[in-house]
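S.K.: Full structure from sequences and hints, please.
Residue numbers (the working numbering), protein chains in the order written: chain Y, 1 to 409; chain X, 1001 to 1091; chain R, 2001 to 2109.
What the hints contain is simulated information worked out from the structure, not anything from laboratory work. Every residue gets a Cβ at the ideal spot worked out from N, C-alpha and C, and that includes glycine. Treat the hints with care, since some could be wrong.
[Claimed, not checked] Heads up, incomplete: computed chain Y residues facing chain X, CB under 10 Å, no partners named: (1) Q181; (2) T266; (3) F301.
[Unchecked claim] Reference listing, derived: stretches of chain R covered by chain X, where coverage requires no fewer than 3 residues with Cβ under 8 Å from a Cβ of chain X: (4) 2014-2021; (5) 2034-2044.
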Amino acid sequence: MSDVIVIGAGPAGLAGAIACAEFGLKVTVLDEFFRPGGRLLGQLYEEPSGNWWNGIKEAERLQQKTKDLAIDVRCGVSVFNLEKDELLWNVHTNAGSMKASYVLVATGSAEYPIPVPGWTLPGVMSIGAAQVMTNVHRVQVGKKGIIIGANILAFAILTELQLAGIQVDRIVLPEKSPISQEAGEPEEVLKSLLSAAHLAPSLLLRFGSVFMKNGLLRKIALNFYPKGGMKISGTPLQLRKAAMEIVGKKQVEGVRVVDITPNGATVPGSDKIYEADFVCIAGGLYPLTEITAVAGCPFQFVPELGGHIPVHSEWMETPLQGLFVAGNITGIEGGKIAMAQGTVAGLAIVKRSGKEAGSIDRLLQKSVDYVRDVRQHAPIQFNPGVDEGRQTMKELWVSKYGKEGKVIS
Amino acid sequence: MNDKDLLVCRCEEISDEEIREAIRQGARTITGIKRRTRAGMGLCQGRTCQRLVARILAEETGMKPEDIDPGTDRPPVKPVSFGVLGGVAND
Amino acid sequence: MTRLLDHPILGKLPERKAISFQFDGKNYEAYENETIAAALLANGVRTLRLHEESGKPRGIYCNIGHCMECRVTVNGQPNVRACLTIVQQGMVVESGKQLPNAIKRMEEG
Chain Y
1 MSDVIVIGAG PAGLAGAIAC AEFGLKVTVL DEFFRPGGRL LGQLYEEPSG
51 NWWNGIKEAE RLQQKTKDLA IDVRCGVSVF NLEKDELLWN VHTNAGSMKA
101 SYVLVATGSA EYPIPVPGWT LPGVMSIGAA QVMTNVHRVQ VGKKGIIIGA
151 NILAFAILTE LQLAGIQVDR IVLPEKSPIS QEAGEPEEVL KSLLSAAHLA
201 PSLLLRFGSV FMKNGLLRKI ALNFYPKGGM KISGTPLQLR KAAMEIVGKK
251 QVEGVRVVDI TPNGATVPGS DKIYEADFVC IAGGLYPLTE ITAVAGCPFQ
301 FVPELGGHIP VHSEWMETPL QGLFVAGNIT GIEGGKIAMA QGTVAGLAIV
351 KRSGKEAGSI DRLLQKSVDY VRDVRQHAPI QFNPGVDEGR QTMKELWVSK
401 YGKEGKVIS
Chain X
1001 MNDKDLLVCR CEEISDEEIR EAIRQGARTI TGIKRRTRAG MGLCQGRTCQ
1051 RLVARILAEE TGMKPEDIDP GTDRPPVKPV SFGVLGGVAN D
Chain R
2001 MTRLLDHPIL GKLPERKAIS FQFDGKNYEA YENETIAAAL LANGVRTLRL
2051 HEESGKPRGI YCNIGHCMEC RVTVNGQPNV RACLTIVQQG MVVESGKQLP
2101 NAIKRMEEG
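M.R.: Now the structure itself:
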């Protein structure tokens, strides 16, 4: 029997498993995908230093560590239920059930869809699907594509598609609706893009970030936004166009697009169909929490973190004894932060297990500080309010369960 | 079903309009909408549409997002054969 | 669609063994360690099933096992996710079909 079962072999799960195993705990890691790495696989971007962050290499590095530490990493295993008997957690999977004293749930996030009429046609996929197909499976997703939704994730993956030589014809917004919310409002989109301006340098060069922080000036800029869009490394970002329908008989043939005003209202009679053989829908990410929900973990709604989040401490401990969380399940952030959080969770498990009495408190505190440090230097920030969100969760924990380190039951 | 319809739940092919109708008929929770329309009852267990359904519910009723209970997850959260569920070796 | 054999940052794809598998009675070529979905897309196949009731075509959507849209029957086992399953030599894959006389199930509750 393992001491610890980690659900999810992404950056958080692997880092957590490694931290546990380094202190002699026996660890099993489970993942549905056929190789470890989670959403590290496929990530590829140039860092400000000029080095390339290659998620596949990062995943391989972590995988090698798990081998060195004799961690049992099982791929192709789906967890469908998690419950606790008097002492142990029972993890039920398609490959049988297993028990452990500690479980770390690191299931990451899933993509918000934005429904568009015709979005069930083959050739329509989430933006993350295109990333995995291109960078992990190395199969071209199509000859010419259109991205619906302009956000950080879409830009990052746009660059990856371009690197692989795949033509992305344009990025347009979804139609403004109660479902698409801010994603369909040019001003909101521009605002959020500018908060991650290093990802859209061409936009910045034209407007200047200081200038664009002013709401009125932003409105004026959108009024004069070029009809053809502004190019982001070759692909026009069309903030004044919205996708009304994805057309095609048996698969995607194109997208019907209309002009929109700065506040997202459609301009009648401006419809035009642009040809494409694939469409990516970029709606952003939300924490994939279902395993903690079936386990009975309480939740708190924290919009800055991506919605309903399992309640957890800075030690990544939930109110359910022996159940820990780390990575995007606790709030949408980048892979490096997920890794740092995984280490916190791993060390917290080590502390709870009593394996290491001496140095663990200091190490744990250091790892908590390190998460903040990584966050401060993160090249990609999905939500500008993430610090606030983390603070909300921390205060909630302290008010309900007391300070870190208090033994919970 | 009209091709122009906006499908929200892909698994069960439930449209935006059907979900709104269920709310007009009194559904006030994600589970209630699921029972009336089958939205979220397909094989993906609502992983794709549940958050969209929550947004529609918020819009139709004026409820705040934080007041909409997402807790409709039930095991098994991934499809498994009855053999596995019954504790029998996987076939 | 073609395979991306070379990539400016990720480099060249390693040499892989070619294998063959069946999809709806037709033979296709794949490479070792490819998923069913990737191998079929590389062969130009996007449609993996028809919706059980409406018969509308469906393909991959999330590509990482969340959405279940890519489910196919593999060697007789239904509801297998093509995006997560590695194709094997001689594997028999069948697309999901529209069910005859599909009846919208009764409303519950």
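S.K.: State for each hint whether it applies.
M.R.: Verification of the supplied hints:
| no. | hint | verdict |
| --- | --- | --- |
| 1 | Q181 | 7 Å, holds |
| 2 | T266 | 15 Å, violated |
| 3 | F301 | 4 Å, holds |
| 4 | 2014-2021 | violated (count 0) |
| 5 | 2034-2044 | violated (count 0) |
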